[in-house]
Amino acid sequence: MRTEETVVFDSIIDPTVGPAAALERDRPTLAARPGSLSGLRLGLLANTKRNAEQFLADVGRELAEQYGMVQVLAVKKPNIVETAPAEMMAELTEQCDIVVAGVGDCGSCSASAVADGILLEQAGIPAAVIISDAFTVSANAMADLRHAPGYAYVTTPHPVANLTDQGVQARAAEAVPAIVALLTEPVMATAASA
Amino acid sequence: MTAPATAGGSGPSRAGVSPGRTVSPRVNTDDPVEQAKAAIEYCFEQGWTDGLPVVPATRADIEACLATTDHPADEIIGSQPHLDRSVTVAQAAANAIMAGCKPEYFPVVLAAWRAVTQERSSRGAWQSTSGPAPLIVVNGPVRARLGINYAGGVFGPGFRANATIARAIGLIVRNGYGVRPQELEQATQGLPGRWSVCFGENEEMSPWEPLSAVGGVAAGTDAVSAMLIRTVEYVDNRSTDSAEAVLHDFADTLARMGAYVGGPHSSGGLVLGPEHAQLLGNAGYSRADVQDWLFSRAVRDPADMVAAGKGEHAGDGPFRMLPSAAAIPIIVAGAANAAMSMVFRPFGWAAWAGRSVPVEWKEQ
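Chains as they are written, first to last, in this note's numbering: chain A, 1304 to 1497; chain B, 362 to 725.
Hint data in this document are derived by calculation from the structure and do not stem from the laboratory. Keep in mind it's a predicted model, so treat the numbers as computed, not measured. Some hints could be false.
[Said to hold, decoys possible] Here chain A is said to cover these stretches of chain B; the calculated rule only asks that three of the stretch's residues, wherever they fall, bring their Cβ under 8 Å from a Cβ of chain A: (1) 386-400; (2) 413-422; (3) 441-450; (4) 480-489; (5) 533-539; (6) 544-555.
Glycine included, each C-beta is placed from N, C-alpha and C at the ideal position.
For reference, chain A alone in the conformation it holds in the complex:
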């Protein structure tokens, strides 16, 4: 006669339980959006991926020409895995009203670009992060990890690294309307869409 019952596995150690997390558990507060970009100071935060700097430069030019922004800073962070160094973040938050960051075109840098964006938002700077559409999963995973599920960013088709100069320019122009929308429309996106 079989005895069928449930078994309690409380003695199994959970291998994912580690030291207390350093990040606050509260959902990060995103920066308030301006009604218009005209006259605002723009900063560009690039990573070291191929074509990232040019992509952002092309976006910057479009934002200046079409929306009257003033580009005041363009920086490149040294490491694709980690968020931008504190000094670089300070420079961006002190000198800029708006930051465009990217391009998240690899496993590590897509996640860290989202982390950069969230840190800038927490410092009161509206940020538009550009992610290649092959890496939305890792971008979303980072948003979850930073307690911002559904964090909104702008996607561009993968790949970016092998585009010619003209290709990058065209791609940047395509991304601009979504970037403008993300920077000016109310930030409601972080709640339900995760």
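Please arrange chain B on chain A, whose structure you already have, making use of the hints.
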């Protein structure tokens, strides 16, 4: 200006929180095997495994691992600040047991973890599209004591210590750092045996000093060296007794363009089978001589690189595919039953930090 979003939201629960009641489906409790299988299934359901069954770890297992080391349970042995995750000694122990390690392997797991994570390339390795694998090399008497294979079939499978020490590193990355495939881990294809490459060096048949001595640890001391690699590819050459002919064959594989990802150079190293190692040693080549030979001969014609669309850094003269002579790690492992070796491909542009890690045994 519009109102900022500040909705609540709950993050993933961890950080010292106990998992709560962990109840299985109904199982046949007359049969301990059914209960054991249910416990394994439970671990699958929690997302704790790499796809293979794990050994559920208990408090007693952790204590048994901790008894092998002077490192305290709560010592942090690795961090990924951008992921807000750190790993402790106790967590490493849990994952080592789950990987199938015996508690006495644990000091080697800790040394391997340190050897892997001190490599600069490990910072971005776990999330990378390249999906690199740790290559873990053990030197010293511990090989015999724990049964770490260094002879036939070193790349596996078949040997518990080799298979489980390497697997423990993978489970620590997965469970400790929360880096899982198709989530934060974005490997395009990965590689066969990503978490299974751990072997002893065949010091007994090597003509040269142990790799760990190159890495700064005295020969005869238990030590672990590690790098991250993207693949291994064989060089089968049983056709000649000429050392230079075999070196020529290695140089050809080392100069393969597919392994070059752009930038100043490619990267490569050798796991020499004992026959090739002895052929070279008997011909008077030191390890450094082999490195020098390969560095100067592993070159490509810039025209080849241009033809492959990789000519950006090619220049005019022969393009050296390897960073420097010293950055061609040379390891001896395997059986002396056929003249074959493996070229391996370090991840990133730096081959190896060149620092081996002594295995720390508990003070008696």
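Outcome of the hint check:
Coverage of a stretch by a chain is defined here by at least three residues with a beta carbon nearer than 8 Å to that chain's beta carbons; for the region 386-400 of chain B and chain A the count is 9, and the condition holds. Given as covered by chain A, the region 413-422 of chain B passes the check, having 5 residues with a CB less than 8 Å from a CB of that chain where 3 are the minimum. Check result for the region 441-450 of chain B against chain A: holds, 8 residues qualifying (beta carbon to beta carbon below 8 Å, three or more required). Beta-carbon proximity to chain A at under 8 Å applies to 4 residues in the region 480-489 of chain B; the threshold of 3 is reached and the given coverage holds.
Residue count for the region 533-539 of chain B with a Cβ under 8 Å from a Cβ of chain A: 3. That meets the three needed, and the coverage hint holds. With a threshold of 8 Å between beta carbons, the proposed coverage of the region 544-555 of chain B by chain A holds, since 5 of its residues qualify and at least three are required.
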